[in-house]
Amino acid sequence: MTSDLGSGQSASSIFDESLGDFDNEIAGERVIIAAANQTLGGMTSQENADAAAVQQGGLDGPLDIESSESGNSSTSATAGQTQDEDSSETELDKASENTTDDQGKIKERIPDDIPMDGTGEDVIARQIREAAIQEEDPMIRAALWDEYRKHMGIKK
Amino acid sequence: MTTQSKRIQIICSLVVCFFSGLLHAKTIQYEKISLERAQIEIPEEELLDIGILLFDPNIPDEDKELIFPEIRKAEARYIPYHLKKTLQDTGFWGGVWVLPEKSEAIDLIISGRIEVSNGLDVSIRIGAWDITGKEWVNKVYSSTIAQSSYSKRRDLTQDPYQNVYNKIANDLVKIKQDLKQQQLQRINEIGDIRFAAELIPGVYKDYLSKNKKNIYEAQRLPDDEDSIMQRVYNIQEREFLLLDTLNEYYAQLYENISQPYEDWRKLSREDMITYAALKKSARTRQILGAAALIGAIVSDGDSQASSTMQQMAIYGGMEAMKSGFGKASEAKIYKESMKELGTAFDSEAEPLIIELEGQTIRLTGSAQEKFLEWRKLLKQIYTDETGFLISTPSVQ
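From first to last, the protein sequence lines are chains A and B. Residue numbers for the first sequence follow this note's numbering, so the first one is 1 and each next one is one higher. Residue numbers for the second sequence follow this note's numbering, so the first one is 1001 and each next one is one higher.
Just chain B, with the same shape it has in the complex:
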């Protein structure tokens, strides 16, 4: 057999191997992360309050295929709310709220950015900082979602993305458990002073300092009899009351979009798998088909056998390319189906989000006016009770 014939034979084998390789499906290993729950009641002084900021929906400036702005906006509210439910479920924490904006009244703040969410794959960047400024977590949590996660027979309190929520919750608990009771108490105390300093900086700013790592440290603590501090606690209670109320609205949105969002994720997952397989298959077939064709054309064997093999390689290459183009057009159809699916849920979510935004703005706007009023009154009360006038620098 000549070198030329060998080359054609190798190309033919490649094409055959390729087609047989296509038959073997890729196996995905799905993980199962259990949620760690408190086995005993946690003492109150060890409980930290958590605030989860609405997530960054991470919508690209330019239109990007298969990222639907309204779905992302809905997810940016849905995911923090389910994370709140998961964290509450652990029993390790005090109050857990979803926050429209940062609050100085909360011990631990969580922020998040949705990197990927298509029903099959989910990736979320999570950051967590306590009120002293110390970073707890700053990493991306990812998971590939199994079909069984969408089963109607599963425990319906568990979201299809539950693995990600459990991973976040378990990481936070691990960090909390590494802290001594004294450290947890200190976070609580610094939180109270920061809230007080936010309201009436002229009085409480000096109670805190920042170390070299930019972490807040308490220089002294307010006296138990500090009447201004008692009023600060009263305001803090109102902040929590406001957050409770806002969270009722978030709960309504969560309930309203829960089913359509799950339906979208389930169908999107199926389409994603088919689309990815078709796209990969189309690309590989086109590349190998072209390679076979080129290989056959450049070969110039003169024997009858090599000529037959050359023709076979040309035929095989053309068939591979043709089938590749067929797969590409099938993939395009799936892509369109995914777009339609996304657009349908997009338009369902949009009015609900607009309504929620309206309610949030109305409620927080009215509360902000009250907080401004209380700031002024606290200053006046301080002057009335101590005889000292307060200058008003910023706490930061």
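Pulled out of the complex, with its shape left as it was, chain A reads as follows:
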């Protein structure tokens, strides 16, 4: 005696499917948690990178002064300074190009149905968005955007 509960499926198979659905939901939840932890970890890495950059700047400073002091004429020092300014400008140009590239990359990684400006996002949604943008693997990125949609109530 096996009931089909009106769907053509037995209670036993519906039960097994339902367990599977639950497992998927929990797996999705784990992705959100991992994303949140990753974002927190990312912030720490960023802070570390900033600290390293500051430290590097501090090391570069005295070395530059030493090299200009060791120069024989004021002209060479001025030339060196000009060269530094030139290289700084080049670096700035590169940085602005990189920023434009990054923005393009971010735009590419945000699906069309997701608002670009993050309107109406809460903390969790923002963390999922950041994790999705940073994610290199397209499959995981798509799963993260699915979670984002689910969390924000966006129908695909």
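These aren't lab readings, by the way, just hints derived from the structure by calculation. Some hints could be false.
Residues on chain A that point at chain B, a partial pick, calculated with CB under 7 Å [said to hold, decoys possible]: (1) S12; (2) F22; (3) I26; (4) I33.
All figures in this text were calculated on a predicted structure; none of them were measured in a lab. All residues carry an ideal CB built from backbone N, CA and C; glycine is no exception.
We have chain A already, so just place chain B on it with the hints.
For chain B alone, kept in the frame of chain A given last:
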């Protein structure tokens, strides 16, 4: 010397003794409780799972000074999580989870109420019951916290309140060690049946009975081939999976508030000590000052000597009272500082707790729907497989 002069002299001596007594600080004996850890791996059948319910923050209905609701709410989540970590650290237990509500899938349930927590003193009432209904622990655990407990050079896995956690963990281990392997196994089995009876009472309710002491006893055990029981185990696994996930959220809150909470406790401890000393000093000075004044005024000696002593007593009494009022106003300043300190952490903790609550409600709400669905399906499967219809009484 007349009786009157003697009386004034005694009062003067009292005032002098009092002031010299103030110089002697009270010595607090701090305890150091070590955590008992398993020296060998415990066999699986002797492992019990533990669920620690979120603690009762014990927030008074009316505003009570120096009890900050959001701090208490944060503690009601932080303390169970650190207790979970401590219990896991012992190696004596199976799974240990923080629970938002009671679960029939867990062998041993711990509940707690925060009585006092101000960085200096901590008192927590702990109750522990196993799934058969037997009480393991029901007592208040207290400790006075040493300044060194907040040292940045200490082992940072140890909470400043670690003594209390270790006492609870050691008590539970002691009780567990007094139980025979058979008894531990029976707790496990009754736990499984209670979980099954919760899901499908019509089938498993009769497997259990309660004795005169209201303790569950197993009347019979499910057959190894019981296919419904296998599905119950599948659901139990999902309950544990849900708890694992919820505990990830509790872990996030624990990590986020860990540092600000410790900072608050450390500063609050210092303020508590100063505040208590000032308050005590102010009260004693005022009382003794008043006593000296009254004593001097009522005395009516007529000699030059007694008159001088009377004036000295009046002067001493007034000075004592004046200094008492000074101390009282200093204590008031410290109290305000403690309030500010508490309010700052209060507002830091509040959004984190609200976020956690939202996540918990969302996750448990969705899981509850699934559990309802599984209950219905289990009933249907039972009928499909046995041909018997189930009536649905409650297990309790």
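Next item on the list: Just pull the numbers of the violated hints for me, sorted ascending.
Entry: none
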